[in-house]
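**Student:** Protein chains in written order, with UniProt numbering: chain A, 1 to 382; chain B, 1 to 382; chain C, 1 to 382; chain D, 1 to 382.
Take the hints with a grain of salt, since some may be wrong.
As the list makes no split between identical chains, a pair holds if one copy fits it or if it spans any two.
[Stated by the list, open to error] SDA-like mimics (lysine to any residue), calculated; alpha carbons at most 25 Å apart, straight line: (1) 68 to 84; (2) 156 to 146; (3) 68 to 166; (4) 156 to 349; (5) 68 to 310; (6) 29 to 313; (7) 29 to 74; (8) 68 to 312.
Derived from the structure by calculation, the hints contain no laboratory data.
Just so it is clear, the structure is predicted and the values come from calculations on it, not from any experiment.
There are 4 protein chains.
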Amino acid sequence: MAPTGLWLIGARGSVATTAISGLLALRAKVIRPVGCVSALPTFEHAGLPDWDEIHLGGHDIVDTPLEKRAELLAESGVIPPAVFEAVRTGLSEVDTEIRCGYHPATHAGSQADAARRLSDDLAEFAQRNGLARVVVLSVSSTEPVFPSLPEHATLKALEAAMAVPGRTVLPPSSVSAYAALRAGCPYVDFTPSTGIRLPGLRELAGLSDLPYAGCDGKTGETLVRSALAPMFATRALAVRSWAGTNLLGGGDGLTLADAEHAGSKLASKGRGLATLLGGEVTAPLHIDNVPDLGEQKVAWDHVSFEGFLGVRMSLQFTWSGYDSALAAPLVLDLARFMAAAHANGESGPLAPLAFFFKDPLGTDEHRLAEQFAMLAEWAGSL
Amino acid sequence: MAPTGLWLIGARGSVATTAISGLLALRAKVIRPVGCVSALPTFEHAGLPDWDEIHLGGHDIVDTPLEKRAELLAESGVIPPAVFEAVRTGLSEVDTEIRCGYHPATHAGSQADAARRLSDDLAEFAQRNGLARVVVLSVSSTEPVFPSLPEHATLKALEAAMAVPGRTVLPPSSVSAYAALRAGCPYVDFTPSTGIRLPGLRELAGLSDLPYAGCDGKTGETLVRSALAPMFATRALAVRSWAGTNLLGGGDGLTLADAEHAGSKLASKGRGLATLLGGEVTAPLHIDNVPDLGEQKVAWDHVSFEGFLGVRMSLQFTWSGYDSALAAPLVLDLARFMAAAHANGESGPLAPLAFFFKDPLGTDEHRLAEQFAMLAEWAGSL
Amino acid sequence: MAPTGLWLIGARGSVATTAISGLLALRAKVIRPVGCVSALPTFEHAGLPDWDEIHLGGHDIVDTPLEKRAELLAESGVIPPAVFEAVRTGLSEVDTEIRCGYHPATHAGSQADAARRLSDDLAEFAQRNGLARVVVLSVSSTEPVFPSLPEHATLKALEAAMAVPGRTVLPPSSVSAYAALRAGCPYVDFTPSTGIRLPGLRELAGLSDLPYAGCDGKTGETLVRSALAPMFATRALAVRSWAGTNLLGGGDGLTLADAEHAGSKLASKGRGLATLLGGEVTAPLHIDNVPDLGEQKVAWDHVSFEGFLGVRMSLQFTWSGYDSALAAPLVLDLARFMAAAHANGESGPLAPLAFFFKDPLGTDEHRLAEQFAMLAEWAGSL
Amino acid sequence: MAPTGLWLIGARGSVATTAISGLLALRAKVIRPVGCVSALPTFEHAGLPDWDEIHLGGHDIVDTPLEKRAELLAESGVIPPAVFEAVRTGLSEVDTEIRCGYHPATHAGSQADAARRLSDDLAEFAQRNGLARVVVLSVSSTEPVFPSLPEHATLKALEAAMAVPGRTVLPPSSVSAYAALRAGCPYVDFTPSTGIRLPGLRELAGLSDLPYAGCDGKTGETLVRSALAPMFATRALAVRSWAGTNLLGGGDGLTLADAEHAGSKLASKGRGLATLLGGEVTAPLHIDNVPDLGEQKVAWDHVSFEGFLGVRMSLQFTWSGYDSALAAPLVLDLARFMAAAHANGESGPLAPLAFFFKDPLGTDEHRLAEQFAMLAEWAGSL
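Here chain A stands alone, though its shape is the one from the complex (with noise of 0.2 Å):
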């Protein structure tokens, strides 16, 4: 395929990192693509790019380098020391392609010169690789819930709005969104961020007849539970309750702990179960920040269900994984399928990438099985 490029939103955070450096060390042949969806047999001559036609970019508003990121998640656990060492070098050259991100804390202008800002970088990138297309994907921070304003409602409206010097309109993720469409680059929101959620952006999408995807990447919790819903709905037993609690450590759990943060990710997190069981199931659900986990997360949930009779009865899991480990091949994934996408001409949301997301767009599917078969059936027709 032709050269793609990857262009990250958080390149410096720890699941752009293990993405890099996942990608880095699959160039590398260092290690095989375990976790990686697009390496399945299944998706073997769906056409997408090849590890080494993937080009690496991104923007960040921290500038850690990024070996030295890769250096903490090896020490946390998440990228195993040979790897590192394989890897090293390609992260220093990467790292000449991460630009300084937005922020308005420091940012004086407005919205609008900032998202050419972006745009410019983008065009910039594409031009110096030589590549075909660059798919912009974000993994920045979860931001806290942004208020709904009126000029979110039309193009016009919002581009008005971001003209003004000083006026935030936007939250940054969606000004990121809003810059990449303008590059003419197609768009993934791996964060339950509000990005390209708003009626004005998306109108922007399809003027530009460009696809998107999203939102928030489907990594563990309510990856289990897309698995496991379906079972009491298909055996026709009555889930009553749904408990959940997640522990996470790194900078997700100080951020996600935070009540106003986790607005948009319990949100994101009980559309999904309510969907597939219903809507009428007590499903209380936290977030705990537990610095000691460092990258890694727990999950419990507990499901009391009613079976023949009346009966009740209950399951209970506990997932414990590493969430940059379970994200990052997502992220490969996502570049790879966005590009074929585009490649192939289609625009608008992207359903056939429900699989990957805890809040699909373009659809209501959230069953993990269907979803599957929806993007293998999609990939078979690229």
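Based on these hints, arrange chains B, C and D on the given structure of chain A.
**Tutor:** Just chains B, C and D now, with coordinates in the frame of chain A:
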């Protein structure tokens, strides 16, 4: 639909008693059909017999009245007291349709004689109640593994051996299957015992144009496994080990914890996992008899898997349920689906019923969602 | 021993109803004293009142008959049907000894008037039944946290404020404690509400030479914690985080999940853990209302700890119990131990009863084994 | 204190390598003594040898250098890379003090000869390093159960049989114990193998006025059980079943999952539970070999118990730890406590060390808190 018989082998066991009580309760409208797959909207137009179109009868080698058995299940928490009161009279009526089962220890003549008696019971039951067809379904205790014999290979050799007085060429489950087929009845194996799984018996089913299904109802640990294992497979996560422990009380615990009996059960549990994951996984599995749990069963599974960059993670679950309450509605479902299949002229192993079994006949599909899709599609074609 | 009264504040609640039913069942010899600490051989010679030397009465603000409450508990699985039948008549008799409790919303005069009425009820109960003493024990619903007031500091200031008509200087739990002390009764706080924990009330207990004990019965998650935390401490393992989630149904779930009410409960749960481990542990704790669980409560705790060479390990447990069945026998135990303490002339906070409480008065000892040793030694000295 | 030797039988195994690395790291002050019981403030004045007063040596039948073994443990996550670097040189030095162990398959002469050689190694080690005493501690692989022989009954019969060339009257663990005693060394059994537990050997210990302790280090599931079982006992809750499953990787998993070897391990695990609970509990127990877990071990226990009014409840826990990291600090603790005991002139089985063992010698006390109290009191008396 025309009146249908459901003839239960092991009609006084926990599963049968719960199924019978439940059917009576459904007819009396004192319970909703929770746990009944066939009552889902998906199957509304599949032409299945209604609850009051199903007539009950069966064989058993014990003679405790159904009412007494149901009372014990009420004390164990499987049948609510109010339901028990509502069906008490009905149970006595069903009791009059239960005939003495076959057991080598109490039978003098040849197995051919025994089979003839069982077939006659079926024919009389059908005639007495004006039934269009009788579905025979085995829920008797799991048998020890029965040795493979050359006589099992063909119907001719089998019938010759069965005619020899005092010779035990078949385990009781297979004698029942033979009798069912000879009486022109569709047959369902809800247990892991040998039953219909002998070439000579499958030959007879073919000659008789009869449908059959099995084996071993999927009600707990294996059900969850068939929902979860595809998640690992489609996410390209490499399962390294999948350990399981089952704690069972009741007669089932006693029967299955015994190594020889457990042989067939453990084998049918293991086959599914190997197929779902590709066969190279360490999968120790135990069944322990814990009498104190009564009708409850508890299963703990621990899955260790490898993700991106070789990182190790784990998932564990605990399933806590009432075996009979999980199995009973499926017994009713199978009676309805088999009746429809027979009415529709189908014959041979019914692969679309794989959804209900640990070790499905006629297909290697163990993935729960795919099994449900097969069932729904097939039912839609009836 | 001389006839003893047990007066329950919240006498129609789940815990009280279970305790009353259980005492009647013990007298009728239809159950064994499982769960009753005071029935262990250790306490055989401690001179405790026998089951039939305890007379029951109490206050409540609802008037559902005890028999009706017990019937609901029987349906929830807390009281076996046969036990319910055996104690049904006895419950009606106890009902005649239940008087209307105090609640600010339904009381017109001063809190002094209210307390006087409650005291009179106690005195009449004692006289009517010829009781040597009456142990007052609170099992009423957990109150919202009551603000601290200057008038709480001394008995004098408190009584002056209580005399003001319409003034609410005390929460209901403290009015009950005051009334008990004024009537010369030993007092036990089985809840986390304010109760006797005000300087002015403790002053009164001292002046009256009365023993008292509390607070907050230790029946589930905290019980397990007090057994497990010393394991980490004596093994020099460094606990880094101890997260807990509690799922409660019934009225308790409703009351405690409410953040304000939960305040007192969460505080009393947290204090023990900090003391046991040294206070520097991350310990997020949640209480969720899951109505569908009914009388059941489920707690999940996840402990992350550091071992030799800094290696990280974990322990998690799930406790699944019936709150009332866990609390009720302790209520009877406390009545017996308090009666013996009073007969023995003890006064002030009874530290040897710490074994029963989440937040013990009179001691900082939270280690379960050490608490039991204290109890056994003290009982041996009676 | 005077210089002390710690001589490890199985000196190149995982536990020994971790203990040796840890001691070197403690001396180098690159780790804190987390997991070391003897470093608790309680034992500050017990006169134990300091970390740098302990000299290391040992026997083993394999000759992989310690440095190589430690490197593998570093890769498995048991020894942090930085610690490994800090102790690498030290490990080579200790390596020079490791001598060839005894194994029947590679030994030609009599067991008396073999024992003499082992004793000589001990004497030379002591002399070479100017040691006041040498504690011999076995951490070798668990042996198959060794048959009981009449010659084990007395020291005289035993020595007569040992003198017969080619005769194997003792398992290797007992030959080592004999050699230790003959060399005047205190002896500790950290494994469930036969070791010192033969009348003839205990007779020799008595004659030699030597202290000894064992058996089978309590590091995981049994540790938790000894903390939790007393909770049920003191709360008068009737445990009905206590089921356990252990998943082990590494060499330990391979050795113990084998039924014959596991015999001794399962027996020592079971004895404690029976004593703690009174012996009438259903307690199925499994050890599974799950190579993929590496040095990790996972244990799941399910406790079913009866409470007040016969209500059934349950507690389950999952323990996930690194076996060597749990055992190693206890090895160092035992060396220190045994040295102090020997210096203090104690002899016979050291019951105060029960805290460390699954199957303690010299006492039936299995309750963890009581064991710690015994240890603290004894250490205070040194």
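**Student:** Taking the hints in turn, state whether each one holds.
**Tutor:** Against the structure, the hints:
When the C-alpha separation of residue 68 and residue 84 is checked against a cutoff of 25 Å, the pair qualifies both within a copy, at 11 Å, and between copies, at 22 Å. Taking the shortest Cα distances, residue 156 and residue 146 sit within 25 Å of each other inside one copy (20 Å), while across copies they are farther apart (55 Å). With identical chains, the CA atoms of residue 68 and residue 166 are never at most 25 Å apart, being 34 Å at best within one copy and 62 Å at best between copies. In this assembly of identical chains, residue 156 and residue 349 lie within 25 Å of each other by CA distance solely inside one copy; the values are 21 Å within and 63 Å between copies.
Proximity of residue 68 and residue 310 under a CA criterion of 25 Å is satisfied inter-copy only: 21 Å between copies versus 57 Å inside one chain copy. Taking identical chains as interchangeable, the C-alpha atoms of residue 29 and residue 313 lie at most 25 Å apart only when they sit on different chains, with a minimum of 22 Å there against 47 Å within one chain. For the homomeric pair residue 29 and residue 74, the shortest alpha-carbon distances inside one copy (18 Å) and between copies (24 Å) are both at most 25 Å. Taking identical chains as interchangeable, the C-alpha atoms of residue 68 and residue 312 lie at most 25 Å apart only when they sit on different chains, with a minimum of 23 Å there against 52 Å within one chain.
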